[in-house]
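Let chain A serve as the given structure and place chain B on it in line with the hints.
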Amino acid sequence: MSQSFPVASDLNATWSFIQPGLEFILGAQGDQGVTSKMYMNCYTAIYNYCVNKSRHGSANTPVSAVSGNNSYSLAGAEIYAKLDEYLVQFITSLKKDPLESFLEFYVKRWTRFTIGAGYMNNVFDYMNRYWVQKERSDGRRDVFDVNTLSLLKWKSHLFNNNADRLIDEVLDQIEKQRNNEIVDSNYISTAIKSLVYLGIDIQDLKKPNLVVYIKHFEHKFLQKTAEYYSKESAKFLSQHNVVDYMKKCDTRLSEEVSRSNNYLDNHTKKFLLETLNTVLIKDHAQAMYDQFLRLLEQDEIEHIQIMYKLLARVPSTLQPLADTLEKYIKDEASKAIEEIKNPSEDIEDLSKQSADGKTSKRTTAGLVSPKSYIHTLISIYIKFNDIVTVAINKDPIFIKSLDNACRYFVNKNSIAIPTPKSNCKTPDLLARYADGFLKATSRESDIIGMTPDNLMIIFKFIDDKDAFEEHYRRLLAKRLINNNTKSDELEESIIQKLQEENSLEYTSKMTKMFQDMKSSEDLKVNVREELSQTDNQVKDFTPLILAQSMWPFKHLDDYKLKLAPELMPSFDKVQEIYNKKHTGRQLQWLWNHGKSEVKANLSRKGKPPFLFTVSNVQLMILLAFNKSNTYSFKELFDTVGVAKHTFEAHLLPFTKYKLIDQNPPGAECFSKDDTKFTIVEEYKSKKLRVNFVSSIKTEQKQEEENTNKEIDESRRNYLSACIVRIMKARKQMKHNELVNDVATQSLSRFRAKIIDIKRVIDYLIEKEYLRRIDNDTYEYLA
Amino acid sequence: MNSKPLKIDAKLNAIYDKYKDSNNENKIDINGTIAYLEDLDFDPEHPISLTLAFFLEAPSMGVFTKEKFLYKWQKDRINSLSGMRDFILKLHNSLETNDSLFQELYNFTFGFLMEVPGQRLLNYELAVDYWKLLLMNKKEFEPCYTRLEQWFDFIMNEYKRGLSNDTWKMFFLFIKTIALKDPSNFEDYDEMSAWPSVIDEYIEYLKENKLLN
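Chains as they are written, first to last, in the numbering used here: chain A, 7 to 788; chain B, 4 to 216.
So that you can see chain A by itself, here it is in the shape it has in the complex (with noise of 0.2 Å):
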């Protein structure tokens, strides 16, 4: 290269000057690189042209007709124009060499031109930011700055003419990776590269584009990606097993994962994972669906929890599973049950834990522990709650699956409803599961296991919550009057704790009932104390004061009880202090709830006397044998004064426990008036403490049926008092609606059955607290 510069105005001389240089620049020289004299010699011979033509201006350029008006035009279009030449013809005589693969003279080829490029773009610094620039801002689309007219033209001359060859290689080697070949990535990655770098938008040059990314790579990649997959899959599932399939899915998205991070444009990764969810989860999904069933049967939760990854990168295939899931509890559920209603020589675990001698809890009758059946159920929740939770991640869909099937065995099951039309028997079940470890008479080895959580979970599940209360609170009130509770603390944690899941309002009258048993206590103290100081005989006295509408009690007449002479100072005395504190309140004596202790000195001599635990009408029976040892039936039973059938039941034990003597004997003597009975001289038992309660007959149907009408009643109450405010407030309202809003409100106590809530609609509109309008509209009457 000569030393002496050309003169500046000569564009051919300038031109001969630099090509040797840009030939350097541009490798068309081999490996040799420009000099930095050569380069600074190129950049100084450009500014000198650019710079001259520019001072004076030049008539014959196409530019200076464009922006005519300008008496200072900027010199570069000719040699702009030479450039643009010189690139096309260096970039079409680039050869593949015949050895190398069309991708590797094309990634070799391409790293050195665009390293070029950036010099050349440097180089022609002067023209880039003087004549380009104006130009561009001056609306010219068609002129670039030298490194992006390189890329254009490498881009028209050599790639689009070679674009499907070299994108079908690159996607050759993507698939020999696949299959595990060693391949070179760096060609695939420069060469995928090299497409976002062509991707040039011609309006703005910085706004980064992917038109040729997506158009030539993107599309086919994806496609090639789905159809080698698809076949994949296919095949490697017709040759192993589902679980396989799982671990292989798992490996290959994490493959093409690191994939596409190493050499894919981010843009891709949304859609290959898409592509790759489509081909080998979607696609596949049934299989899983139907290997599900059968690991849940092996309790295989670590391959469930791959199942539900896998599943879950395609959300929409989640629900089908869940379904399956559902119904498989279900299932579960109802072959438990069946289990332990006819129990065979292997028993599950649970029912094992009462085998210790007490197994016969399950009576012949076919009826089942409340113990083993809240068991049941509470073991089917378990597992599965376990199973959603750590192999499912506690997704919401499986959560709802999960309590949707929960609450179908809790309340539908062959125990619960044996009959169609039966009510619901788990929420008395539930209610004497609870009675079971509150009693203090339970023994310990048979409440194992009996928990307030256990209850507590099968109560959330219990759609008939107002039948709970009612079943819970009789036995809570059997247990607080007979002194039979383990501890109050537990009892009232308890009622906490459904105050809690339900309302306040819930538990108000449980509340209540405690309320009343600790107002009691005080009332006790009180009555003791004044008894103390009289020569009354019976000083140990507990009265109770129960709010009538909070207790499950009656006032029976068949109870009407005449008191004894012994008893009646005590009696006044309580009814003295309590109207001295609320006066206008009214006490009505339960004689038939409540229990007495008797010393009776029917002993042999020198012995201690027996202690008689007896009811009510017992004790006066008893009491009357202090004046006379003798009495006829008509006398004791115009004595004791409840009704005949009562007093009967209350007899009969004293007699087959052979205290009483009859004469004539026999059955069909025993109610006869003028049958005598007489107290014997000394009672002949081994045990000093007798209980005579126990064998009376009562009538357990009867309290069943009372506590199923009262639940009904109640019920037909809450729905009325629901309809009248929603209508009150709305004033109008169309049937569906308010039967909607109806059940939604009594969710809280009660599943309501639609022809209930008829019917109560039925009864206001006959009451005229509401009147049809428009066949299906409702209107409140004021």
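Take every hint as true, because none was put in to throw you off.
Simulated pairs of lysine-lysine, DSS-like, Cα-Cα distance not exceeding 27 Å:
hint, chain 1, residue 1, chain 2, residue 2
1, B, Lys-172, A, Lys-740
2, A, Lys-418, B, Lys-213
3, A, Lys-427, B, Lys-210
4, A, Lys-773, B, Lys-163
5, A, Lys-773, B, Lys-172
6, A, Lys-601, A, Lys-662
Distance windows between CB atoms, simulated:
hint, chain 1, residue 1, chain 2, residue 2, range
7, B, Val-119, A, Lys-524, 50 to 60 Å
8, B, Asp-102, A, Pro-321, 49 to 59 Å
9, B, Glu-211, A, Gln-738, 34 to 44 Å
10, A, Ile-405, B, Asp-102, 51 to 61 Å
11, A, Lys-759, B, Val-119, 26 to 36 Å
Some chain A residues judged to face chain B by a derived CB distance under 7 Å, without partners named:
hint, residue
12, His-741
13, Arg-778
14, Asp-782
None of these hints come from the bench; they were simulated from the model.
Glycine is no exception: its CB is placed at the ideal position from the N, C-alpha and C atoms.
Using the frame of chain A, we list chain B on its own:
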């Protein structure tokens, strides 16, 4: 009262006086009614007697008020027993084709059957008698006769409770819109819609007895 006082024909007045209650001249009581029906040659058990009561807006069974009796007949300028008979026969025949008039008669019947003031429920046996009278004599309901018989059985043997005016009216709607349309399947019946509970129970009863799918 929007009715202007009409001048009452003397002959009409005479007819009224013939049947009026001797203790209360403002009404015709049960004895007068029986005599009146006899003179008209109407069988009290026949639906035509109900049509007469409907026309004269009888407040309850066996009673006509003076006001309505004179007003209604005078308005149509009828002042003879034979004229009355012809008129009622014609009216009765028109019920077969005049739907809205029949519906009025049907709705009238519930109040007509109330026996004591403040009564809200119609005795179910009486209800069945009048359903038979009203519906089983009308050609229109012939496709439903079997269903109606089943309804009567259900009311008499299962339901056995009084029926409200709402139920009375809604049952008619049920027959017209559901039962007549598809007597064998009740296809348009929807338990979610606003039918009174007794109709739902009837459907349930039919299903339990395999009379409906």
